[in-house]
Structures are given as C-alpha cells and as structure tokens.
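A.B. asks: Sequence:
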Amino acid sequence: MQGRVFGLKKSTILKISGWINLFCIMFFIIFSLLYIKNYYLWFFFFCFFVGLHCLIKSALFKLDSSCYLGFLLILIGISGFFCYFYDLKNKYLYFLLAFGVASILTFFFTHQKYQFFIGIFITTETLFALLFYINVFNLTIFIVTSLSFFFIFFLVCVIILARLKKQR
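Residue numbering for the sequence shown follows my numbering, beginning at 25 and increasing consecutively.
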C-alpha cells in the first residue's frame, strides 16, 4: 500500500513522532532551565526536535520544503548548542553556516541543483568570513578572495543556466 509504512499509516507515524518530539522538547527545556541553568539553550533544543519532526515528515511524504526546514532547524539547534555550551566566539557565522550546509544536505535528498549552488555559495563565503575573523586573512585578502569567488561563482551559474536553456 502506498500510504503505509510497516503496516502503519503515514499520518499515524507522523502523529507518534509529534508526540515523542513534544515530550523530548518539554524534557530538554526543563533540563536546560533547571539542571544546566542556561536560559538560552531551551530554544536550540526546541529547534532541534522540531527539525527532527520536519525531517520525518519529509521522509514520509517526500516534501522538499520540509526537508530544508528540518535540516536547517537541526543544524541551528546543534550550532546554537555548541556556541552557547562551549561559549564560542562569532556565533553568527556558525548560524550562517547552518543555512549553507542545510542547502547542501537538501540537495543530496531532493537533487535540486539550485539548492546545491546556493549551499556552496553560502558555505564558502561563511568560511572566508571565518578565516577573516580568526585573522588568517586580512581585510584586503578577504575582500579580493570573496569578490573573486563571487564573480567566478556567478559566471559558472550563468554558463550552466545558458546550457540548460539551450538543451530545452
């Protein structure tokens, strides 16, 4: 049957996943507030488990938007947890990196080329900014490298789109 997995309806599996993730959200929010005593971690636990639920929904119903949102929320949850738990500097770069990696992971599951291109662009630019932040690049090298990559990336995208239009 198309609407069943292991003899269970897909909507039933999604409801079970929702209840399990809701229980995990409540447990980890209480755990982070009362035991860890970090009043910022609850949001990242929430993001992680909502993202997990979105990924399950994506796998069951083959939804690409739910796949991207799931990966994005899971990666925001993971990066937020590490940033606040280990008190990392430049937190915004790790959150920006989550957007790029989520696009690349979505490409692997949905095979949408635009997701891959956007993911490569965001991830590479974020890594350049991270290298600038940790003083591997100075401002001049960062700007030249970033603009060169942007120009080459834009040129490659135009060539690929021209070939795709020519094939149609």
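Rather than coming from a laboratory, the hints here were simulated on the basis of the structure.
Remember, it's a predicted structure, so these values are computed and weren't measured experimentally.
One thing to keep in mind: the hints can contain errors.
Below 30 Å or equal to it, Euclidean Cα-Cα: the simulated DSSO-like pairs (lysine-lysine) are [claimed, not checked]:
#1 Lys39 / Lys86
#2 Lys61 / Lys189
#3 Lys86 / Lys33
#4 Lys137 / Lys86
#5 Lys61 / Lys137
#6 Lys86 / Lys34
#7 Lys189 / Lys115
#8 Lys34 / Lys115
#9 Lys86 / Lys61
#10 Lys61 / Lys113
#11 Lys190 / Lys115
A.B. asks: Within 30 Å, alpha carbon to alpha carbon, are Lys190 and Lys115?
C.D. replies: violated, 43 Å
A.B. asks: Assess, step by step, whether the Cα of Lys61 is no farther than 30 Å from the Cα of Lys137, and give holds or violated.
C.D. replies: Roughly 43 Å separates the two Cα atoms, so the pair is violated.
A.B. asks: Measure nothing beyond the straight line between the CA atoms of Lys61 and Lys189; if it is 30 Å or shorter, mark the hint as holding.
C.D. replies: At roughly 56 Å apart (the allowed maximum being 30 Å), Lys189 and Lys61 break the hint.
A.B. asks: For the pair supplied as a hint, Lys86 and Lys61, is the alpha-carbon distance within the 30 Å limit?
C.D. replies: violated, 39 Å
A.B. asks: Hint check: Lys137 vs Lys86, CA-CA at most 30 Å. Holds or violated?
C.D. replies: holds, 17 Å
A.B. asks: Hinted pair, alpha-carbon criterion (30 Å max): Lys86, Lys34. Please report holds or violated.
C.D. replies: holds, 11 Å
A.B. asks: Starting from Lys189, check that the Cα of Lys115 is at most 30 Å away, please.
C.D. replies: Judged against 30 Å, a Cα distance of about 40 Å means the pair is violated.
A.B. asks: Given the proposed pairing of Lys34 with Lys115, does the C-alpha separation stay at or below 30 Å?
C.D. replies: violated, 38 Å
A.B. asks: CA of Lys61 to CA of Lys113, is that 30 Å or under?
C.D. replies: Since the Cα atoms of Lys61 and Lys113 sit roughly 20 Å apart, the hinted pair holds (cutoff 30 Å).
A.B. asks: For the pair we were handed, Lys39 and Lys86, check the Cα-Cα distance against 30 Å.
C.D. replies: Holds, at roughly 17 Å.
A.B. asks: Does Lys33 lie within 30 Å of Lys86 when you go C-alpha to C-alpha?
C.D. replies: OK: Lys86 and Lys33 at ~15 Å, within 30 Å.
The earlier numbered hints that this structure contradicts are 2, 5, 7, 8, 9, 11.
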